[in-house]
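Model the placement of chain Z on the given structure of chain V, informed by the hints.
Residue numbers (the numbering used here), protein chains in the order written: chain V, 1 to 168; chain Z, 1 to 170.
One or more of the hints may lead you astray.
Claimed, not checked - Cross-link-like lysine-lysine pairs, in silico, DSS-like; alpha carbons within 27 angstroms at most:
1. V:K107 with Z:K48
2. Z:K48 with V:K104
3. V:K104 with Z:K129
4. Z:K48 with V:K111
5. Z:K13 with V:K133
6. Z:K48 with V:K99
7. V:K103 with V:K89
As the list claims (entries may be wrong) - Under 8 angstroms between C-beta atoms, here's a sample of chain Z residues computed to sit facing chain V:
8. G40
9. L42
10. Y85
11. I117
12. T146
13. L149
14. F162
Said to hold, decoys possible - Sample of chain V residues at the chain Z side, in silico, Cβ under 10 angstroms:
15. D116
16. L119
17. A132
18. R147
I should point out that these hints are in silico values taken from the structure, not numbers from a laboratory. The beta carbon of each residue, even a glycine, is placed where N, CA and C say it ideally should be.
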Amino acid sequence: MSKKDVREEQTEMDMTPMIDCVFQLIIFFFLVIDLQNQELEPVKLPVARFAVPDQPPEGQRPIVNVLQSGETIYKRKTYLEADEQDYSKLQGLLEYFAKNMTKKFDKAVGKELPDDPLLIRADKWTEMHHIAKIMETCGLTNVQIWRVELAVGEPKAGSPGAAKAAGN
Amino acid sequence: MPTTRKQRTREAKMDMTPMIDVTFLLLIFFLCLEFKSLEGKLGSNLPKDAGRSQLPSEPRERLDLRIAVTNAGTRRPDGLQGHRYELDGHTVQYALGPRHVESLAELEAELRRAAAITVPDPVTGTLQKRPLTIHTGSGVCYQDVTEVLDLAHAAEFREIDFALGSRRTR
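In isolation and in its complexed conformation, chain Z is listed as follows:
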């Protein structure tokens, strides 16, 4: 083959290394973003017995936790976002069954004490912790509830649900 023809037909090979490098770096970066935990969560249940059911149900011993506002607090505009506010001096009190509690520390101790008591399950007969039902009064905020829910999780209550005032059924 003549040398001149060989020169014309030869093609340059593209170096793929930078492309692969960049692609893998991007993929690793976005995969890390994907698996990043954004927030925390606290699980709870809602009453399942809404609507009609023909099945008989056994009464269960429950533990009631009530949250009531003692001072609604004063609204202070959030400096960063004008339409939002912070509540200054907002205070609540708690009642676990018949016992009234003023602080979260006391409530934590009470919840741990209550969690140690087990009762027989009406269906299986096995000893279990009582289900905890949270009742919220007027003016109670989301934070008040999550604080209580947090302590209930710490005390290892397994069944935590909310009492809803005006349950509607169709």
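If we strip away everything but chain V, and leave its shape as in the complex, we get:
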């Protein structure tokens, strides 16, 4: 082999590490997105003009979904069936949420209460008495979650809620 041949010899790039890396990243993000979506059931939310766009919270904020039938779901697991009268599973869930929330001393009540909110997502035609049952269970002595957020459709661009969120 002459010197000229050596100079013209070209090396092929090994694509394997790149493909490995890209596939691992894609798998990782697919899993992350899937875990995020586990909290959201497909419900038709009502639209609100002055709602604040929901940002990922700093602390803990569990999301409870209520279907039209009253079926109450958390992370794809049903905690209260439609027309079920036994609230023990739902109560256990809310007690678990309250236990893991940050606590703040409340002067009016004279004890520490959970300070993180609970987000309730319900279909727009879900009867309110189903949601009221969750709210009532929130008031139990071992739970006492008092901050509740109701999920609504994303405010459209230009609406007062969207403008407020943008700081205008």
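The following block gives chain Z in isolation, referenced to the frame of chain V:
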């Protein structure tokens, strides 16, 4: 060093540029997804006074807002998802304190008028808006409540809570 040996030991360097390009593009894409706002929310409170407390509490002047169904409406199956339905002709009426209101536009005006009235706080003595308590009647839907809550937020009520019919304590 002989030329032939030098040729054998030389290693090819991998060009990292495409990998870095792709990785950064993916990271930017997924970071944008992460910070995307999915939905809106309306904040409210639940009564804190469930359970026993030995502390004395001062009575506070509150404003009650009642939602009552005037026509439950007829169920129409949702074309896209068979197990769900839409309600046609569902109507409600509102009562803000003693005043009955038929439409959301009237309610908005009433809420803004009521929000302008301030009362002294029983503990601090500072002038504040009255807390608003929402009462829901039979057949009232989630949408009916969020519409009212939306207007209450627009009127800048700071304390909005729900009256719960059969509060249970242990």
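How the hints compare with the structure:
Between K107 of chain V and K48 of chain Z, the direct Cα distance comes to roughly 11 angstroms. Compliance with the 27 angstroms bound is thereby established for this hinted pair. This hinted pair checks out: K48 of chain Z and K104 of chain V have alpha carbons roughly 13 angstroms apart, not beyond 27 angstroms. Distance restraint check for K104 of chain V and K129 of chain Z: the Cα-Cα separation of roughly 24 angstroms lies within the 27 angstroms cut-off, and the hinted pair is therefore satisfied. For the proposed pair K48 of chain Z and K111 of chain V, the alpha carbon gap of about 11 angstroms is at most 27 angstroms, so the pair holds.
Distance check on the hinted pair: K13 of chain Z and K133 of chain V sit about 66 angstroms apart at the alpha-carbon level, beyond 27 angstroms; violated. A hinted pair counts as satisfied when its Cα atoms are at most 27 angstroms apart, and K48 of chain Z with K99 of chain V qualifies at roughly 16 angstroms. A threshold of 27 angstroms between alpha carbons decides the hint, and for K103 of chain V with K89 of chain V the separation of about 23 angstroms falls inside it, so the pair holds. Checking G40 of chain Z against chain V: minimum C-beta separation of about 3 angstroms stays under 8 angstroms; hint holds.
Below 8 angstroms, beta-carbon pairs count as interface contacts, and L42 of chain Z has one with chain V at about 5 angstroms; its hint therefore holds. With 8 angstroms as the threshold, the beta carbon of Y85 of chain Z comes within range of chain V, its nearest partner Cβ sitting at about 7 angstroms, so the hint holds. At a threshold of 8 angstroms, the smallest CB-CB gap from I117 of chain Z to chain V is about 20 angstroms, leaving the interface hint violated. Because the beta carbon of T146 of chain Z sits about 5 angstroms from the nearest beta carbon in chain V, less than 8 angstroms, this interface hint is met.
At about 6 angstroms, the closest approach between the beta carbon of L149 of chain Z and any beta carbon in chain V falls short of 8 angstroms, and the interface hint on this residue holds. Hint status for F162 of chain Z: holds, given a least beta-carbon distance of 6 angstroms to chain V, under 8 angstroms. Taken as an interface hint, D116 of chain V does not check out: its beta carbon lies about 12 angstroms from the nearest beta carbon of chain Z, beyond 10 angstroms. With a cut of 10 angstroms, the hint placing L119 of chain V at the interface with chain Z holds, because the nearest CB-to-CB distance is about 7 angstroms.
Against a cut-off of 10 angstroms between C-beta atoms, the interface hint on A132 of chain V holds, since the closest Cβ of chain Z lies about 6 angstroms away. A hinted interface residue such as R147 of chain V counts as satisfied when its beta carbon comes closer than 10 angstroms to some beta carbon of chain Z; here the least separation is about 6 angstroms, so the hint holds.
Checked against the numbered hints given earlier, the structure breaks hints 5, 11, 15 and satisfies all the rest.
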